[in-house]
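K.L.:
Listed below are the residues making up each chain.
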Amino acid sequence: MRTSEFARFAAPSAVLMLMLLALPLAITLWLSVRQCTPLLEMATVVQTGPFGTETITTQRARFDQIGRPIESCEVVGLANYRQILGHDSADAGSEQRNEFWEALKFTLLYTLSTTPAILVGGLTLALAVNLVTQRLKGVVIAASLLPFIITPVVGALAIKWMFRDSGLVPHLLGQVGLHVFWMAEAWSARLLIILYGIWHVLPFAFIVFYAGLQSVPQDSLEAATLDGASSWQKLRFVTLPHLAPLVVFVTLIHVMDAYRVFEPVLVLTQGAFTASVQYLTYYILMQENNPFKASAAAVLTVLGIAVLLVPLLRKTWREQRKGF
Amino acid sequence: MNPARRHLLRATAAGAVAAASGQSMADTVSTPPACHRLGLQGEVNLLGNSFPAIQHIARIAESCSSAGLRVRFKLTPQARSETELAFGSSRVSPFDAAVVSMGVFSTLHARGRLYPMTDLVRKHGERYRLEERMLVRVDGEVMALAFMQNTQNLYLRQDLFERHRLGVPRTYAQMLQAAAVIRRAEHDFAFPIAQGFAKGFDLATEFTNVFAGLGGRFFEPGTAKPVFANDLGEQAIETLRSLLPFMTPNALASNADDVMNQLQQGRAAMGVLWASRAARMDDPVASRVAGKVAFAAAPAVRDGGPPAAHLWWDGVVMPRNGGPRREATFLVMMDMLSEAAVRSGNDLTIWVRSTFKPGRFGAGVELARLAGARPWPGEPFFALAHQELGKVLPDALVGDQSARSVLRTAAAAYVRAARDKGFTPDNARAGGAA
Chain A
4 MRTSEFARFA APSAVLMLML LALPLAITLW LSVRQCTPLL EMATVVQTGP FGTETITTQR
64 ARFDQIGRPI ESCEVVGLAN YRQILGHDSA DAGSEQRNEF WEALKFTLLY TLSTTPAILV
124 GGLTLALAVN LVTQRLKGVV IAASLLPFII TPVVGALAIK WMFRDSGLVP HLLGQVGLHV
184 FWMAEAWSAR LLIILYGIWH VLPFAFIVFY AGLQSVPQDS LEAATLDGAS SWQKLRFVTL
244 PHLAPLVVFV TLIHVMDAYR VFEPVLVLTQ GAFTASVQYL TYYILMQENN PFKASAAAVL
304 TVLGIAVLLV PLLRKTWREQ RKGF
Chain B
61 MNPARRHLLR ATAAGAVAAA SGQSMADTVS TPPACHRLGL QGEVNLLGNS FPAIQHIARI
121 AESCSSAGLR VRFKLTPQAR SETELAFGSS RVSPFDAAVV SMGVFSTLHA RGRLYPMTDL
181 VRKHGERYRL EERMLVRVDG EVMALAFMQN TQNLYLRQDL FERHRLGVPR TYAQMLQAAA
241 VIRRAEHDFA FPIAQGFAKG FDLATEFTNV FAGLGGRFFE PGTAKPVFAN DLGEQAIETL
301 RSLLPFMTPN ALASNADDVM NQLQQGRAAM GVLWASRAAR MDDPVASRVA GKVAFAAAPA
361 VRDGGPPAAH LWWDGVVMPR NGGPRREATF LVMMDMLSEA AVRSGNDLTI WVRSTFKPGR
421 FGAGVELARL AGARPWPGEP FFALAHQELG KVLPDALVGD QSARSVLRTA AAAYVRAARD
481 KGFTPDNARA GGAA
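Chains A and B, in that order, give the protein sequences. The first sequence begins at 4 in this note's numbering and counts up by one. The second sequence begins at 61 in this note's numbering and counts up by one.
Rather than coming from a laboratory, the hints here were simulated on the basis of the structure.
If you want the ones that stay clear, here's a sample from chain B, every Cβ over 10 Å from chain A, calculated:
{"id": "1", "residue": "190"}
{"id": "2", "residue": "224"}
{"id": "3", "residue": "233"}
{"id": "4", "residue": "237"}
{"id": "5", "residue": "241"}
{"id": "6", "residue": "243"}
{"id": "7", "residue": "292"}
{"id": "8", "residue": "301"}
{"id": "9", "residue": "342"}
{"id": "10", "residue": "364"}
{"id": "11", "residue": "386"}
{"id": "12", "residue": "387"}
{"id": "13", "residue": "399"}
{"id": "14", "residue": "417"}
{"id": "15", "residue": "418"}
{"id": "16", "residue": "431"}
Covered stretches of chain B (in silico footprint by chain A; criterion: 3 or more residues with CB under 8 Å from a CB of chain A, positions within the stretch not fixed):
{"id": "17", "stretch": "440-447"}
{"id": "18", "stretch": "477-486"}
Pairwise CB distance ranges, derived in the manner of DEER restraints:
{"id": "19", "chain 1": "A", "residue 1": "256", "chain 2": "B", "residue 2": "240", "range": "52 to 62 Å"}
{"id": "20", "chain 1": "B", "residue 1": "102", "chain 2": "A", "residue 2": "190", "range": "49 to 59 Å"}
{"id": "21", "chain 1": "A", "residue 1": "149", "chain 2": "B", "residue 2": "97", "range": "50 to 60 Å"}
{"id": "22", "chain 1": "A", "residue 1": "142", "chain 2": "B", "residue 2": "419", "range": "49 to 59 Å"}
{"id": "23", "chain 1": "B", "residue 1": "150", "chain 2": "A", "residue 2": "133", "range": "53 to 63 Å"}
{"id": "24", "chain 1": "B", "residue 1": "294", "chain 2": "A", "residue 2": "90", "range": "22 to 32 Å"}
{"id": "25", "chain 1": "B", "residue 1": "150", "chain 2": "A", "residue 2": "181", "range": "54 to 64 Å"}
{"id": "26", "chain 1": "B", "residue 1": "275", "chain 2": "A", "residue 2": "153", "range": "49 to 59 Å"}
{"id": "27", "chain 1": "B", "residue 1": "150", "chain 2": "A", "residue 2": "177", "range": "48 to 58 Å"}
Think of the CB as a built atom: it goes at the ideal place given N, C-alpha and C, for glycine as much as any other residue.
The task is simple: from the sequences and hints, build the whole structure.
P.N.:
Have a look at this one:
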């Protein structure tokens, strides 16, 4: 293919990627090193309303000649990053744990605990369904996929209602004398989020592995049977090597997904006891209403994903090169 | 109560609700809104949070749509951030008006994002019988139209209090005593108190109520300098902590919805909650305690002190960066805030208009006001202190950090956030330049 021809084919995709990926990332980077502050002046105002008259100390905007509030915007370098990471001079001497590092710790815990769980669980479920008779397979597959189909916020709300005070699970546990308060301590709140994550994503791993199992070479399995291999040996030496690329694929996708865990944190705990890095970005943007600091948090989130993905991407890259 | 009588009561209540909603529909649908006679043109976009009273006025506003006018009312739980984003934009705001609480109002006003409505009130106010108490004026300019009000009330199970001959608690100390009696005597009430202690807004609001009830000041008078990291702040945290043994262990994740659920399901005997939620205690579909819950002013922290609660209003505001449809928007709002709108939605909230007839559930604000509750702090920088307190207070309640340390951390974080927003959280006094 000629270079010009290649360029014409690739151009639409390249332009779209630049606009939808590179440009927002560049804007986020730019915002993360800036800060815009409105210029305010102290004032005492008299305010009247439904509850009578009050004199209030306020700071109100200054306006330019055409009546627009004046803002001062400047490049602040890494100040927003330092603030998020707790390296700001105002943090010196504070006994408070830094929110970002706490959120990062939980995000890593979530990622590193849900990833092996969904790999092992998904594979086990796929092997089990593969053994089910053909007539039942459709029903079992459809039922297994339900958690993945449910919208994350709806799923998280359903779980919350099941586990909150007087919910189904505490009620049932109470019947056998167990009184567990899932939102009472950090460990139980975190465990609930992790269990939700496994429940929600396991069907994805299952369906990928199940598809992979349909393409395991039957002649290799028959040859292994003739050689006297046990079921475990056939799984260990024939099936699993065949599924290895899919294991990398599922891990890659899930690590990216898990690092952005957000909905269960928002719905189940609202940040109590635990937060994730994605939740932190949301909180800074929506509650603190500070897009500059939120941009810095977003950049740090992307960097975190990139660091986690490096080993997996290197492995995929090597395999791709071998293929060529 | 025998099952037949219970069934009859439920049916009567359901009928009353149906009749009320039927009345509401009749008022909003069959009677042509006044705005139809005005021949308004163009498009009007409004924004507000999603709860029954605002859903009611949104329906009325949208019924103003006609051949020449399209009215859209966006209802979203993210109304606050969407309003701040739209009104703060350097372009024309996509919303011509928004419903905001008084806390958001203070922030938007300080940042110069609101357009006064004084001229429109002067031109149309009399025709639509706008009442003076609805007009939120700042230095004489009408900056908002308040239409509903709220506060925190004490909810209590009247049947239990009567059974154990307990008086209505006037202070937090009395509330704890009543809780101890009920817990000892009632097997199903291991956690008799329910209150919104969820990290963030709920817990910071509880702290604000108790701290103000102790006579605490958040800022040095006339400045934005924080002074809440003091003995009164510690006492406020201690008061909140004293409630924990009587609350569900899930308390630090319990928001107002969870508290309402605990009361409705008969799992809690008392608690301080938003007055606007009172009617839901008698909702025959959701509540198991219909008719059993009574309401009183929130308890004081000190004997003879004011209730540990604040008065709130919600109102409509117009953006400084609004479009050319300012007058049409105002006239649509006149219909949605009219006397007829209040009559048809009387029990949905506590309306500001004098045509509102407070029933059993609507007297909360008046109870609190008469007991001496003050309006929610109006300083625009208060929201930042409130936000930072909400983040760290749980650490003091569970004992991970000392109360003083947590308050100092919140004060330091407030100073930083206030500077980012252009405030001067130091000794600059009112009247001086920033």
